[in-house]
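Number of protein chains: 2
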Amino acid sequence: MNYLQYNAGTGSKENWVVREAVFDPRYLGKCESIFCLGNGYLNVRSALEERYVGETRDLLVTGTFNRADETEVTELPNLPDITNVDILLDGKRFRMDAGTLQEYRRELDLQTGELSRHVVWASPEGNRVKLDFFRFVSKENEHLIGGKLEITPLSQEVKIGIHSGIDGRVTNSGAQHFLEGSKRVYEGEYLEMVSRTNQSGVTAAVHTTHRVFLNGKAQTVPALPVISRRTIENQMEIVVPAGETLVVEKLSCVHTSRDLAYEKLSSEEAAKRTAADGLSVLRTARQEGYDRLFEKSREAWRLYWEPRDVKITCENGFDQLALRFALYHLAIMAKTDDSRVGIGAKGMSGEGYKGHSFWDTEIFILPYFMFTDPGAAKTLLEYRYHTLGGAYAKAKEYGFLGAMYPWESAWADDGEVTPKLGGADVVTGKPIPILTGELEQHVSADIAYTVWQYWLMTGDREFMERCGVEIITQTGRFWASRLEWNPEKKQFEINDVIGPDEYKEHVNNNAYTNYMAHYNMELALKLIRELREQEPVFYTGLCARLPLEETEREISEKLDLIYLPQPDDRGLIPQFDGYFGLREIDLTPYKDRETVGTIYNDYNAEQINGIMVLKQADLLVLFYLLDDLFPAELKEKNYMFYEAHTLHDSSLSKSTHCVLACDLGLSEQAYRGFTRAPA
Amino acid sequence: MNYLQYNAGTGSKENWVVREAVFDPRYLGKCESIFCLGNGYLNVRSALEERYVGETRDLLVTGTFNRADETEVTELPNLPDITNVDILLDGKRFRMDAGTLQEYRRELDLQTGELSRHVVWASPEGNRVKLDFFRFVSKENEHLIGGKLEITPLSQEVKIGIHSGIDGRVTNSGAQHFLEGSKRVYEGEYLEMVSRTNQSGVTAAVHTTHRVFLNGKAQTVPALPVISRRTIENQMEIVVPAGETLVVEKLSCVHTSRDLAYEKLSSEEAAKRTAADGLSVLRTARQEGYDRLFEKSREAWRLYWEPRDVKITCENGFDQLALRFALYHLAIMAKTDDSRVGIGAKGMSGEGYKGHSFWDTEIFILPYFMFTDPGAAKTLLEYRYHTLGGAYAKAKEYGFLGAMYPWESAWADDGEVTPKLGGADVVTGKPIPILTGELEQHVSADIAYTVWQYWLMTGDREFMERCGVEIITQTGRFWASRLEWNPEKKQFEINDVIGPDEYKEHVNNNAYTNYMAHYNMELALKLIRELREQEPVFYTGLCARLPLEETEREISEKLDLIYLPQPDDRGLIPQFDGYFGLREIDLTPYKDRETVGTIYNDYNAEQINGIMVLKQADLLVLFYLLDDLFPAELKEKNYMFYEAHTLHDSSLSKSTHCVLACDLGLSEQAYRGFTRAPA
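Top line first, the protein sequences correspond to chains H and L.
Per numbering that gives the first Met the number 0, the first sequence runs over residues 0 to 678.
Per numbering that gives the first Met the number 0, the second sequence runs over residues 0 to 678.
These aren't lab readings, by the way, just hints derived from the structure by calculation.
Please note that a few of the clues may not be correct.
Each pair may be met inside one copy or between any two copies, as identical chains are not told apart.
Said to hold, decoys possible - Pairs of lysine-lysine, PhoX-like flavour, derived with a Cα cap of 20 Å:
no., residue 1, residue 2
1, K557, K653
2, K12, K590
3, K271, K429
4, K91, K29
5, K590, K525
6, K12, K158
7, K429, K395
8, K557, K525
9, K636, K653
10, K489, K653
11, K310, K12
12, K271, K489
13, K12, K419
14, K557, K158
Treat the numbers as computed from the prediction; the structure is a model and nothing was measured.
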């Protein structure tokens, strides 16, 4: 990705600015995601103002889950777009992939949350124009999105046309979540679109307004309102002499009936409020204008960074920037005051993973929040508490006891929401069944593990009593019921699962799963026994609503008989039964590719199941989590072995390898992992 | 539209070829529509193979109506696209709006139905490539669509990537009609997508396959199947030396459960057949290949044109081409063997008018079919017979008797399907209510008029007895019940309507409506009386199912008291009560504009109602239909007056003015109208 200058910014901006120095339409999608703006409530994917083939415009709001139709699973719906602004220069569409791009840079200032783009462009006819774009999602008022365009004709007078509004024709890859909404212009200035999701009945109100200036002086440009199917826009036209600057501000706001502020209202009342509040917020915003609104948001970012910025000493400024980049994305993806919502596996920077929460939250994201913002960590774990209903239901559906967490989780009521079908099977020509919802069960242990971590770090008694005990003991109970007795080996096993390494399906005794399940049950037992002894009154009360006695009995009967895979004579722990007997192939063609999953181009899932290849290394995650359980020598041997067989086709993979390498003193490998881990 | 060379083609092709000589992205939409391919069963909008901003890919199949959700009206859904082929030249997308277009022409051969495009393109890096594209929709097998690409590197070896398949992410301007379908690759060669509309339950099976040749020799290029959300495609890559030619054929076919062939099957059985038949048709097609399939289609076009081509003597070959162009589009828009479906107001060349049938069919299209293909005319009028249920229901809903035809009509069961809201009101900022479904009532008389014309031309007794008598008498009965008695003037009036001139709403005694209603009632009366006298047995049988006695009584009581607007002392007939008292404004700014309806940018519907301006001239249509009723002098005076006040903002307008001018001997005006009437 050498088109990105990560290490940009000088002076006080040093290592705060991510810069794209060359415009290359092939990387539209990557940059839309990397430069994403947001505040935890909403995220705006950073599609450019003008349109390009291959773009994806996404405006996602946390918690607004909807199931488009019976053939789909629930997902965050793509709200009507407000990022698109068509710019007509003497009647022709401005677009950087025609004419000549004489200057170009796009920058995301992580410190202030502002995205800017600076362009000098010559039209195919040779007409030079300077264009500067600015955009932010407010951290001060989570509903607000600010945009600003500055257009300066350099060589001659230009008739500038601006077509800009709200576009409800966007979909999630073709799935339309919203009914055609109501569209209205107020006072010729405020555009409104209010629409409702077709299944969950979430109302989204999107408002936008424009302010126009010429050389700093406010202009009253006649704005023609145009209402078409699922769109509403204003069309403006103004002649700008060479050397003068037209400024168009586009201020927008978004409210939905799922907003936390409307939590106590009926859905009808909440729906009504969205439109009224949106218009009201925008009226005030219009008085303030882009610069003032941005200033307030920048101040909120300053307050955010002040206690949180992690400064490192590094030779390469990139390292500092990369760290801040990660912290920035953690900031925009998490709604830390709303326990009704989780964090999407891709945040809200795009439609991928549908806004669903996976084990990623607990194992990869929560450590950060636990150390820097325990309140946020608590909110996120409370989300898991709210989804216990789905976990109990899933356990019941599979014939188990206790809480079996969904592999993918959305709105609290939704339960398991993992899709059933994925990409093409290269051999059969059919879509590949997605089995993770059924077989990737370790998430229950991951959640229990993290609740315990949270307790250890915070000593948050209130949370543990209200939520934590139930999560740990009832996931423990699930595992106890899940165990399978092997009469031959006289041990309890966990068969037919998928571990973190999703390239292996239907495996028996996955090391990660077995160890983590064992840990989960151990925790549950310990907690029950300690509570009974040390907090008898609380314990008795708790027994009234939780089957703690049964849980204790079921776990204690089995715990010590669980099979935990042990190292062989080489010191290697098999990832699952029979792993070392798999076929070895040359993995070089699939390593360090531009896209992940290239092995699927040559092998189907069934074939990959028989090959000694990993998407990510289960054992290394296990070492990372249960650090004390394994001696360093064993870790290093396994690290070397599994690293060689790992394609890192999961974005979660490299960070684990990096931490492990670091622990093992393999500095060079650790650093290489750090520089190449997706942020 | 000077970018189009209408008068293209030489030798035997003279005045058969519509040519676009310059590629201009601003006219993407126009050309997609003008170059549309089809066979009455399906139409493929002629979007280019490679993607462009602003394109609209439409694949519409007659009769597949679906209502996407409760906020929409039913429409022809956009089927998964097969026109898109992404061409990667050394890894970069081929697109004519970047690099240099050294040669370009696109041609639609009306005689053969083949669309071709010839391009010599230099990439921004200066790499020259010749690309030739061919496409047809088979007139021999209505399910088949053929495509062919020929790519010849001119300056150096090029690695050519082809990404091509079936894309179900398309929508109707954001409305998604199809559930996510099943996707499958058979034998690595046949791509299949089977999906179902979400309301009407119509199953659509789309299949596509590719054949690859290098210098005429069939190639086995590894094709990677890629299945994503709502898409399935093959990705191929091949290195082609300079001067050699890669040929990629893309053969596709479409079947739906609404197909006439499945009429007698249950919808489940029909759904099953779509997939099986599609695959079977495509297997055969693959054996034949593009050239052979095209040859068969060309032969079908030859047989089609042989008796139908209208040759005119003209100084300007454009006139001949324009006539053929009109005949071509009439050929591709009408499914002349299926009386379950009508003709959409825009044919199936795009999403506009949603595939709904208006009065356009009877008044503007049917005369052609009556003269050239009476069987087709009969099929189209049978469609109106099948929709009588909706007409009876609409009359009842409004408190009238008889048959009140829907203003917009879709599937026979649907009844009235006119949408309720349109574009923006420039004054209030709200969407403009669409009142035509309620107020534009003349369609019932238009249909009766055309049934009578059909009878006069064909003497088709079977049709009249089975369908025609009912249509004419029951629309007559509707009008009798619709009349309003004016006690002061002692006359029957028709108030609060919209005439063909839709710029005037809620008008009283619209001349067109009153005269046509009177004619309709007169016809009904005449028919009833003649049948009773001349065909007493048939008449008695008919009375058992139709209220002919009541109809006769109701009409005969009122007919002679209907107010028919008369010329004033200038010899001008008012279009409706009070028309001559309306305000005159300077219409110059709104005449001959690039887009229609520009008056709405300055005035809202209410204001336009008070201005002496016409969208199209009602009186002239009336003169055209009831030719004998008015003397030539009166016609000419009215022609001159109304022509001056007409913006021709309806595409139906100019043709009427042209015919009238011709009748009146105003040759120059008639010819101007002919050259400027939309085909």
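Outcome of the hint check:
no.	hint	result
1	K557 x K653	neither (35 Å within a copy, 88 Å between copies)
2	K12 x K590	neither (35 Å within a copy, 57 Å between copies)
3	K271 x K429	between (45 Å within a copy, 18 Å between copies)
4	K91 x K29	between (27 Å within a copy, 16 Å between copies)
5	K590 x K525	neither (43 Å within a copy, 86 Å between copies)
6	K12 x K158	neither (36 Å within a copy, 43 Å between copies)
7	K429 x K395	neither (31 Å within a copy, 52 Å between copies)
8	K557 x K525	within (14 Å within a copy, 96 Å between copies)
9	K636 x K653	within (17 Å within a copy, 85 Å between copies)
10	K489 x K653	neither (37 Å within a copy, 91 Å between copies)
11	K310 x K12	within (13 Å within a copy, 75 Å between copies)
12	K271 x K489	neither (63 Å within a copy, 52 Å between copies)
13	K12 x K419	neither (46 Å within a copy, 55 Å between copies)
14	K557 x K158	neither (79 Å within a copy, 61 Å between copies)
Checked against the numbered hints above, the structure violates hints 1, 2, 5, 6, 7, 10, 12, 13, 14; every other hint is satisfied.
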